[in-house]
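Could you slot chains B, C and D onto chain A? The hints should help.
Protein chains: 4
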Amino acid sequence: MITTRYELRVRYAETDQIGFAHHSRYLEWFECGRSDMMRRLGYPYGVMEEEGVLLPLVETGCHYHLPAKYDELLTIVTELRRIPRATIGLDYQILRSADKKLLADGFTVHAFVNKSGRAVKPSKKFLGIVEPYFK
Amino acid sequence: MITTRYELRVRYAETDQIGFAHHSRYLEWFECGRSDMMRRLGYPYGVMEEEGVLLPLVETGCHYHLPAKYDELLTIVTELRRIPRATIGLDYQILRSADKKLLADGFTVHAFVNKSGRAVKPSKKFLGIVEPYFK
Amino acid sequence: MITTRYELRVRYAETDQIGFAHHSRYLEWFECGRSDMMRRLGYPYGVMEEEGVLLPLVETGCHYHLPAKYDELLTIVTELRRIPRATIGLDYQILRSADKKLLADGFTVHAFVNKSGRAVKPSKKFLGIVEPYFK
Amino acid sequence: MITTRYELRVRYAETDQIGFAHHSRYLEWFECGRSDMMRRLGYPYGVMEEEGVLLPLVETGCHYHLPAKYDELLTIVTELRRIPRATIGLDYQILRSADKKLLADGFTVHAFVNKSGRAVKPSKKFLGIVEPYFK
Numbered sequence: 807m808i809t810t811r812y813e814l815r816v817r818y819a820e821t822d823q824i825g826f827a828h829h830s831r832y833l834e835w836f837e838c839g840r841s842d843m844m845r846r847l848g849y850p851y852g853v854m855e856e857e858g859v860l861l862p863l864v865e866t867g868c869h870y871h872l873p874a875k876y877d878e879l880l881t882i883v884t885e886l887r888r889i890p891r892a893t894i895g896l897d898y899q900i901l902r903s904a905d906k907k908l909l910a911d912g913f914t915v916h917a918f919v920n921k922s923g924r925a926v927k928p929s930k931k932f933l934g935i936v937e938p939y940f941k
Numbered sequence: 807m808i809t810t811r812y813e814l815r816v817r818y819a820e821t822d823q824i825g826f827a828h829h830s831r832y833l834e835w836f837e838c839g840r841s842d843m844m845r846r847l848g849y850p851y852g853v854m855e856e857e858g859v860l861l862p863l864v865e866t867g868c869h870y871h872l873p874a875k876y877d878e879l880l881t882i883v884t885e886l887r888r889i890p891r892a893t894i895g896l897d898y899q900i901l902r903s904a905d906k907k908l909l910a911d912g913f914t915v916h917a918f919v920n921k922s923g924r925a926v927k928p929s930k931k932f933l934g935i936v937e938p939y940f941k
Numbered sequence: 807m808i809t810t811r812y813e814l815r816v817r818y819a820e821t822d823q824i825g826f827a828h829h830s831r832y833l834e835w836f837e838c839g840r841s842d843m844m845r846r847l848g849y850p851y852g853v854m855e856e857e858g859v860l861l862p863l864v865e866t867g868c869h870y871h872l873p874a875k876y877d878e879l880l881t882i883v884t885e886l887r888r889i890p891r892a893t894i895g896l897d898y899q900i901l902r903s904a905d906k907k908l909l910a911d912g913f914t915v916h917a918f919v920n921k922s923g924r925a926v927k928p929s930k931k932f933l934g935i936v937e938p939y940f941k
Numbered sequence: 807m808i809t810t811r812y813e814l815r816v817r818y819a820e821t822d823q824i825g826f827a828h829h830s831r832y833l834e835w836f837e838c839g840r841s842d843m844m845r846r847l848g849y850p851y852g853v854m855e856e857e858g859v860l861l862p863l864v865e866t867g868c869h870y871h872l873p874a875k876y877d878e879l880l881t882i883v884t885e886l887r888r889i890p891r892a893t894i895g896l897d898y899q900i901l902r903s904a905d906k907k908l909l910a911d912g913f914t915v916h917a918f919v920n921k922s923g924r925a926v927k928p929s930k931k932f933l934g935i936v937e938p939y940f941k
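Chains A, B, C and D, in that order, are what the protein sequence lines are. Just so we're aligned, residue 807 is where the first sequence starts under the numbering used here, counting upward by one. Just so we're aligned, residue 807 is where the second sequence starts under the numbering used here, counting upward by one. Just so we're aligned, residue 807 is where the third sequence starts under the numbering used here, counting upward by one. Just so we're aligned, residue 807 is where the fourth sequence starts under the numbering used here, counting upward by one.
One chain only, chain A, in its complex shape (with noise of 0.2 Å):
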């Protein structure tokens, strides 16, 4: 399992007017924490893409526990749990910083695909990355 941590603060543009950081904006942290996971492994995404495999979204779900509030300091914990095969599953947990609460837990499933749009497999390299972290 690899396991990444990243911390971010909640802009004022991502609360609503009930106060709270909108739940979309979630999505947009998930994905500053699988960002980084990519970065911390040495292959970050940019490069990736550059190599010409891309990891579109196919499913993402997320269940929200305690509200974000403007200032606050997250923690986006970034979790890759199984070697990715036709697909790449990663999970996901918001913790506020300051007391470690949870705030919301998700996940998200990506497919690996050319720039034409085609199924991929995971390269090499990238497995070459990923898989000693399961042994």
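Hints may be right or wrong, so weigh each one.
Identical copies carry no separate label here, and so any pair may be met within one copy or between two of them.
[Stated by the list, open to error] PhoX-like cross-link-like pairs, simulated, lysine-lysine; straight-line CA separation at most 25 Å:
hint : residue 1 : residue 2
1    : K931      : K941
2    : K930      : K941
3    : K875      : K921
4    : K907      : K875
5    : K875      : K906
6    : K907      : K921
7    : K931      : K921
The set of hints was computed from the structure by calculation and includes no laboratory data. Nothing here was measured: the structure is a model prediction, and the numbers come from that model.
Using the frame of chain A, we list chains B, C and D on its own:
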């Protein structure tokens, strides 16, 4: 069952560098769909909020089938399939208006809470509007 | 001069915790206005882009007079007041549709560039469409 | 003069189909910059708001010089150049952290209002914090 249809056009700002609408915006579109349903039922969500009942999201999920592209007209189909109890669940389909292809489908589940965040029951007013559709 | 009007409704996701639409969304609305103008001129911006001419923003400005609120219908008035030369400038007014009150006004200036980011002249096709309005 | 620097990373969701960060997000980044300034001054904007003073935007402007790209680190330089009076004006520069190139610069002007939207003077508390920087 209550079904409503709402049309919107993909904004340039909603695209990302793959060239498709970003997946987080689908949650905004679901929200446009349910706002429109409430408006058509004669009980706009803004009025419900003023009357002291909020509908924070507790869970969402979405499957993405085909990309939505800049300037395309989309139809958001919103469905209330069950009479709301402690929570209200809505289902959505996002169709490309031009050819009725299904681009995505998803759901949201909301709690009923008062302004202090306490769980409340759906109001008689709201149930009085909704229940006739289920007879 | 070319003037077009485009109507949209303030989304819940566009509000912030003050209870008004967030100021950054006005730039999206300006964009909706100019996309609509291009569509009405019979030359959608997506087509211009496919033909190799992009219009990146080089400058923008906005005055905010009155807040826009959730679910309100807004009218985006977009004006092309001068024939485009090296750049194209557009002016916008955001009105509350219900009472025509001016909520904000602003402008955008765009360069014409090709896909490698090089400055180009506006195409004959585009000028051929636009110039008759200035006679 | 007060100058603060805040670093952030361009999110994938912030890009558009040209492949650059969308211009509307720069206004969010300015907001991140001024939120950070307030926090560093020991008077977070959230606290000011709780104490009953809001800072709605009345004007903004931005020049875009070079594109910001996915995953790049940016430095938001925020400057308060004059003691606030009826309004407060802030200036911003957005630099690419890697080479300090100026990507954009802009400004925001905000009113001081109370919770009913009435114009108020900047509080003594706020001026007491800010004025020493101008001596």
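Reference check for the pair K931 and K921, CA-CA at most 25 Å: within, between, both, or neither? within (18 Å within a copy, 30 Å between copies)
How would you label the pair K875, K921 (within, between, both, or neither) given a Cα cut-off of 25 Å? Between copies, since 16 Å is at most 25 Å while 38 Å is not.
When Cα atoms must be at most 25 Å apart, do K875 and K906 count as within-copy, between-copy, both, or neither? within (14 Å within a copy, 32 Å between copies)
Treating 25 Å as the Cα threshold, decide for K907 and K875: within, between, both or neither. within (13 Å within a copy, 32 Å between copies)
With identical chains, the pair K907 and K921 could be close in the same copy or across copies; at 25 Å between alpha carbons, which is it: within, between, both, or neither? between (40 Å within a copy, 22 Å between copies)
With identical chains, the pair K931 and K941 could be close in the same copy or across copies; at 25 Å between alpha carbons, which is it: within, between, both, or neither? Result: close within a single copy only, 17 Å intra versus 58 Å inter.
First find the shortest C-alpha distance between K930 and K941 inside one copy, then the shortest across copies, and answer within, between, both or neither for a cut-off of 25 Å. within (17 Å within a copy, 58 Å between copies)
No hint from the list above goes unmet by this structure.
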